[in-house]
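Asks: From first to last, the protein sequence lines are chains A and B. Per the working numbering, residue 1257 is the first one in the first sequence, and the count goes up by one each step. Per the working numbering, residue -12 is the first one in the second sequence, and the count goes up by one each step.
Among the hints, erroneous ones may be present.
Far from chain B by the CB rule (all over 10 Å, computed), these chain A residues [stated by the list, open to error]:
1) L1262
2) P1272
3) V1317
4) L1335
5) L1407
6) G1440
Some chain B residues close to chain A (C-beta under 10 Å, calculated; not the full set) [claimed, not checked]:
7) A54
8) R58
9) R84
10) L139
The hints are simulated quantities; they were obtained by calculation from the structure and are not laboratory data. On a predicted model such as this, the values are computed, not experimentally measured, just so you know. Positions of the beta carbon are idealized from the N, C-alpha and C atoms, including for glycine.
Now for the letters of each chain:
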Amino acid sequence: MAFLVLPLAGLLIRAPWPTLAQRLAEPQVLEALRLSLVTATVATLVCLLLGVPLAWLLARVTFPGRRLVRALITVPLVLPPVVGGVALLLVLGRRGLIGQWLEATFGISLPFTTAGVVLAEAFVAMPFLVISVEGALHATDLRLEEAAATLGASRWVIFRRVTLPLVAPGIVAGAVLCWARALGEFGATITFAGNFPGRTQTMPLAVYLALETEPEAAIVLSILLLAVSVIILASLRDRWVTSP
Amino acid sequence: MSLHAHLVVARPPFHLDIDLTVAAGQVVALLGPNGAGKTTALRALAGLTGLSDGHITLDDGPLHTLAAERRPIGMVFQDYLLFPHLSALDNVAFGLRCHGASRSDARRRASAWLERVGLAEHARARPRQLSGGQAQRVALARALAVEPRLLLLDEPLAALDARTRLDIRAQLRRHLADFDGATVLVTHDPLEAMVLADRLIVIENGAVVQQGTPTEVARRPRTDYVARLVGLNLHRGIAADRQVKVEEVLFNVAEHLSGPAFVAFSPAAVALYRTRPDGSPRNLWQGRIQGIERHGDNVRVHLDGPITASADITPAALADLDLTPGQQIWAAVKATETHAYPA
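Given only the sequences and the hints, what does the whole structure look like? Please build it.
Replies: Spelled out as structure tokens, the structure:
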């Protein structure tokens, strides 16, 4: 317990409280905070869009290679984020497998853009969502879906009106974890999207940069990031994150 | 308007193969011990379990070619399976919505159904706030609201306590009488089957062993399982004229028969004697007392020997006879109290 709490307490003790308000109001800080919140939220939405159907597929449909897909999905969970960033560069970078084609065909270049930040965050945070939703799907009574079928509900209606409401707590819990992970993402972001203030410099990146030049600013940014995470998690935890 | 089905479900080592005919307005009960395949048969009718072979015809149209959601059925599950996130009203309205009713129309009709089952004031309640009996009635309303042509009931009263069961059974009987489609009821409770059904089909190990009206089945059991259900001693023997020979025991019976035959008699018809009774009453054999237990106001004595049988005697008789397990005893049944029929 102390091991978990002490570093956070240290952060609070060493904070330059007198100048805190002034430092927080600096445009660069606000810019980084805004960018962090926006990219983490968009990344979470991307994860929801791709992750919920994927989780449903894994939980409800038997197909060859399902175990392999399940294993592959957890890879970003154990992969060092930097390696994830490198991998994204190799595929989606300007000379990457798909990136080259994207650039040539559509003139789209993902690396070192805000979209790149979203992509990097989504890549790292997706497993949290998929695992949480798949777990919730496994926990629901399949026979409720059968009961819905006997009442004339098609597969899509069953998914929308029975399955989805039943796993909603799991989806919200997964989305919160996913969002928190995206907010704190560092390695993949800096590797794939770089560190441009206002465009790709999220809070964790700003903290790291400030630590080398201006340690006090790093503490301020850290406290801000801590506060945001704690507030969001605390407001959701009682309702959703605890088991339904 | 009727159901004709030949259901074959092969899931080794289990194999279900039964024929089923239910007329419109008729209630047929599938009765059988646990694992006999009753629920599998019901799921096959609903389209939740695939048929390995056979066919289902409802009102002259094939049913087995349709997916579950396209079949004109209503199903009540053993534990009701109400949607926990919907109110009682929305549970009943769910099927109507799936069948294309508008939201307001579905709610109006669902509300009428809740009123019919006496739950109008619980329309807004979530399933977890309902008692077992209330949940059962919501489940019945949900199944009937879609106006199915085939109603499937899987142990509809099994999850209720004894007091509620009596009440709900009477209500269910009334709703079934009003329903003009075919009804298939699965149960392991013979009383439930006798009260609710017009016809019984007894299933053991995936096959039909006996069928008929409740009275026929109760009077002429054809397997040990059915005999136990209806509380009769049942023996199979060879008949010649007015006698049936079971093992070494010769039963005098009222019926003229020949060839393989069953003899059935109530445990209450069996008299016990410490010594061989005087005169020469037929239907007499000597057995060993295997066990003694209370049975209602009486005492049930289990006998083995040349044939196994149960005898019901009064506690006073038990004291007079001074019976103990393991003891040899004479048992007799009057010819007029036996019932014999071809096997």
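Asks: Each of the hints needs a verdict: does it hold here or not?
Replies: Against the structure, the hints come out as follows:
A:L1262, annotated as away from the interface, keeps every beta carbon of chain B farther than 10 Å; the closest lies near 43 Å. Listed as outside the interface, A:P1272 is consistent with that label: its C-beta sits roughly 49 Å from the nearest C-beta of chain B, beyond the 10 Å cut-off. Once the 10 Å rule is applied to beta carbons, A:V1317 is consistent with being away from chain B; the minimum gap is 16 Å. With a least CB separation of 37 Å from chain B, A:L1335 remains clear of the 10 Å interface cut-off, as annotated.
With a least CB separation of 3 Å from chain B, A:L1407 falls inside the 10 Å interface cut-off, contrary to its annotation. At roughly 33 Å from the closest C-beta of chain B, the C-beta of A:G1440 stays outside 10 Å, upholding its exclusion from the interface. Against a cut-off of 10 Å between C-beta atoms, the interface hint on B:A54 holds, since the closest Cβ of chain A lies about 8 Å away. Hint status for B:R58 relative to chain A: holds, with the closest Cβ pair at about 8 Å, below 10 Å.
Hint status for B:R84: holds, given a least beta-carbon distance of 8 Å to chain A, under 10 Å. For B:L139, the interface hint holds, since its Cβ comes within 10 Å of a Cβ in chain A; the closest pair sits about 8 Å apart.
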